[in-house]
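Number of protein chains: 6
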Amino acid sequence: MKEAKSCEASRVTMTELVLPNDTNTLNNLMGGRLMHWMDIVSAIAAQKHSNNIVVTASVDNISFAQPIQLGDVVTLKAFVTRAFSSSMEVYIEVMAENIPAGESERTNSAFFTFVAVDKKGKPKKVVELIPESEKEIELFNGALRRRQLRLVLAKRMKPSDAEEVKSLFMD
Amino acid sequence: MKEAKSCEASRVTMTELVLPNDTNTLNNLMGGRLMHWMDIVSAIAAQKHSNNIVVTASVDNISFAQPIQLGDVVTLKAFVTRAFSSSMEVYIEVMAENIPAGESERTNSAFFTFVAVDKKGKPKKVVELIPESEKEIELFNGALRRRQLRLVLAKRMKPSDAEEVKSLFMD
Amino acid sequence: MKEAKSCEASRVTMTELVLPNDTNTLNNLMGGRLMHWMDIVSAIAAQKHSNNIVVTASVDNISFAQPIQLGDVVTLKAFVTRAFSSSMEVYIEVMAENIPAGESERTNSAFFTFVAVDKKGKPKKVVELIPESEKEIELFNGALRRRQLRLVLAKRMKPSDAEEVKSLFMD
Amino acid sequence: MKEAKSCEASRVTMTELVLPNDTNTLNNLMGGRLMHWMDIVSAIAAQKHSNNIVVTASVDNISFAQPIQLGDVVTLKAFVTRAFSSSMEVYIEVMAENIPAGESERTNSAFFTFVAVDKKGKPKKVVELIPESEKEIELFNGALRRRQLRLVLAKRMKPSDAEEVKSLFMD
Amino acid sequence: MKEAKSCEASRVTMTELVLPNDTNTLNNLMGGRLMHWMDIVSAIAAQKHSNNIVVTASVDNISFAQPIQLGDVVTLKAFVTRAFSSSMEVYIEVMAENIPAGESERTNSAFFTFVAVDKKGKPKKVVELIPESEKEIELFNGALRRRQLRLVLAKRMKPSDAEEVKSLFMD
Amino acid sequence: MKEAKSCEASRVTMTELVLPNDTNTLNNLMGGRLMHWMDIVSAIAAQKHSNNIVVTASVDNISFAQPIQLGDVVTLKAFVTRAFSSSMEVYIEVMAENIPAGESERTNSAFFTFVAVDKKGKPKKVVELIPESEKEIELFNGALRRRQLRLVLAKRMKPSDAEEVKSLFMD
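Protein chains in written order, with this note's numbering: chain A, 851 to 1021; chain B, 851 to 1021; chain C, 851 to 1021; chain D, 851 to 1021; chain E, 851 to 1021; chain F, 851 to 1021.
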């Protein structure tokens, strides 16, 4: 087994131009197209951490507060926030720019999880992730709570066992 | 304002064939492509309920447990489960079939929310939804709890105020 | 050989949103794109009847009387109307809706035929089809005449031998 | 009104490479994709004859006898065969080549009809077509019969009035 | 080894309709899409000359002087101008037409080079090309100079050894 | 007129996954697809420098020495190297990675030029570029020579006047 890796080692930047077929009747980027891009950029981050083929395991709640317009440049930045046995959580930040208008906005963030698999689709172990910056450590620490919430929502953990999530609602 | 509508009135079925460009190195449907289809089918359901243009507001946690193969037929069924002031929650069920092999499997479910908007993107009121079958009533009742969870996760509600979600973790 | 099947067993519904790249200079859906969708939905119906890989054998005359607009929701419904030795005739109905405007119209219908084949492309026998409703029986009965017309138009039958078609023009 | 035009004036050649997403599970070009290409090449031919925007009015029976393979080069040649008041019939011939294997085959032919329209979609008159070669004259003469058959199949002419078609079946 | 071939033997014509997704914010065809089409049409020409699989080796300087509009018909004509040991130079001419407006313009020309390869990607010998018309002979003769320039620009030949190019700048 | 900008201000990173439809019969990325991506990433860089709409003016000679495989991750990095009156030269570096295999390779570089235009397509002045690092200064200095070569190749400058290019071939 190789050694642990930093967040830095899995960072990926992806840039897309919003074309007519990506938009709805209001000329806004469709949410589904954005999630498609999020899936690709985060899969590449998970590949980089694991040096392995990966498959999407889950996506956490995403909200779409700001419309993104036709012709905007969309920048997606992703990196692995925590590695579990054979799975990885990836954090994605999305920024939209109308460059001629000089406008730029952070529009979304999301968490996707991936599982490293062999060619037959069987899970494979991945190396540990060691967070470094303050923000990376915060994301690393929150990963356990998000993981419990995922398991509860997928009905694979009883709510009463989700200690991390419970503490969130109790104060 | 028109009267209330049933779930039936917004039901949509969409069928897609998994083509090479929809797949990853393992010849499995990429999660991002599936979410793209989910977004389109559920937007149509929300259009049908509101008779209005709609924009994606959020997507709840989705898990991808079963791989879907190249050449499979994917059927997505969607309907509105509850209408709030100008927003709607839509439930989507996904089934994948390898028809020549006679195999069929329910692979995913998801909740998307949409907001009805006018041509300038300003929210518009939508008619109420009245659930009828047992399953529809269960989904309707759960909608409040899912909505609180969305607001908490989007940091627009304090966890301690999310009464419906709290009760889930307390027993 | 498995037993006969009903029309019901092969029914497929497909829903598509008309996007910018699907349209011509008048913002109308291009006929070629609609035929592409018809081919996919009817191939799935033929797969369902035969539980087999299928290839398109022919398409009958289609007319495009009503323009379908950018942003419309197009619903295609298909089912097998009659099975011959290794071929199947599929009937497709197309409906277009401008949901915000509350407009809906049946725009086209078409007949496609498919052949069930093995992995080397060699024809394979398919099960019989038993029509049930009045409409299904009418389509089943008309299938022989349409088949003769296809053979005549493909120059694989002499017009004078096409008894079913001849009777149509004689009275 | 401009003068009459020859078939030559509307001739168009289109060449396409069969890519993975154009093919079915057998690695054969899907019929729907081929019809999509046929629609584009024949619309351009009708534009050239009418110097006008055109919309697809109908497609005649097409049969798909020869499979076309992934990687093949598909050549579509189209020209207008006859002009009616505001509509035009276009003939399309399709050839598929496996160039490295030195194989080439004429795989399909088809007739599409188009209507010349103004920006509001209202039909506009088109110039006459004068056929020149023997083959062009034969196609020009057959156009009346194919037109009657189209009208009968679209239920816009009584079979008993379709004199040209009747004569085909009577001898 | 087969005999020499003429330019005629590799001529290919490709026709494309400029669709919304091919255009930028000004509704002009994006340069990158045009180069994509140029690559396909010239690869087919090189396939025809070599009766072999080919891979793109280089593209020469292209300038984009004339904007091409949404809805225009783009015609690309390509043929091999000279064959070297296992590589071929292909010349491409691009014409854009706004058919309803009766406008047509030669917008670009380009030179692409290809290498004939076997299934493992190893270069294979190709037959000689014999130019016939005056224009073909001129292109054939210029091919050596363009080849030296390519080698210099790719840093695979010293500028001082590029006799053909040098003579161009000396007088 | 705003002040001068650094190369840094226009840097863009784009990441693409090579999908089946991007590849030829050898499962290698087609050159035309890569150029399409190069055009988008460099147009965004030119937009960033000029804060304006831009159109592609030219592309310099590109060579494709290394095949890029299906499933590879392609990273394109672009920045403006020099601004002229209303045009900009952009440098693009392409890297391909087979992440599971741990292989990574710099495969191509290219120069594209863009013109900043207003909504009617009329050229607009752009701010100056001030190079900083050694590499940026080298690219800045070479830009004049590349510009002369472009003008000579586009037949808009006499070879004998291209002093910068001449000196390259003289020593």
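Among the hints, erroneous ones may be present.
Because identical chains cannot be distinguished in the list, a pair is counted as satisfied if it fits within a single copy or across any two copies.
Think about it this way: if two alpha-carbon atoms lie no more than 27 angstroms apart in a straight line, the pair counts; the simulated DSS-like pairs of lysine-lysine are [as the list claims (entries may be wrong)]:
hint, residue 1, residue 2
1, Lys972, Lys1005
2, Lys972, Lys855
3, Lys1016, Lys969
4, Lys1016, Lys927
5, Lys855, Lys927
6, Lys1005, Lys974
7, Lys1016, Lys1005
8, Lys1008, Lys985
9, Lys855, Lys985
10, Lys972, Lys1016
11, Lys1016, Lys975
12, Lys927, Lys1005
Everything labelled a hint here was simulated from the structure, so no lab data went into it.
Computed from a prediction, not measured in an experiment: that's the story for all the values here.
Comparing the hints with the structure gives:
1. Lys972 x Lys1005: Within one copy only: 22 angstroms inside, 37 angstroms across.
2. Lys972 x Lys855: within (23 angstroms within a copy, 38 angstroms between copies)
3. Lys1016 x Lys969: Neither. Shortest intra-copy (38 angstroms) and inter-copy (42 angstroms) distances fail the 27 angstroms Cα cut-off.
4. Lys1016 x Lys927: neither (30 angstroms within a copy, 33 angstroms between copies)
5. Lys855 x Lys927: both (18 angstroms within a copy, 24 angstroms between copies)
6. Lys1005 x Lys974: Within one copy only: 24 angstroms inside a chain, 35 angstroms across chains, cut-off 27 angstroms.
7. Lys1016 x Lys1005: For Lys1016 and Lys1005, the Cα distance is within 27 angstroms both inside one copy (16 angstroms) and across copies (16 angstroms).
8. Lys1008 x Lys985: Close across copies (22 angstroms), not inside one copy (30 angstroms); limit 27 angstroms.
9. Lys855 x Lys985: within (16 angstroms within a copy, 30 angstroms between copies)
10. Lys972 x Lys1016: Intra 32 angstroms, inter 36 angstroms, cutoff 27 angstroms: neither.
11. Lys1016 x Lys975: neither (29 angstroms within a copy, 35 angstroms between copies)
12. Lys927 x Lys1005: between (30 angstroms within a copy, 21 angstroms between copies)
In this structure, the hints that do not hold are numbers 3, 4, 10 and 11, in rising order.
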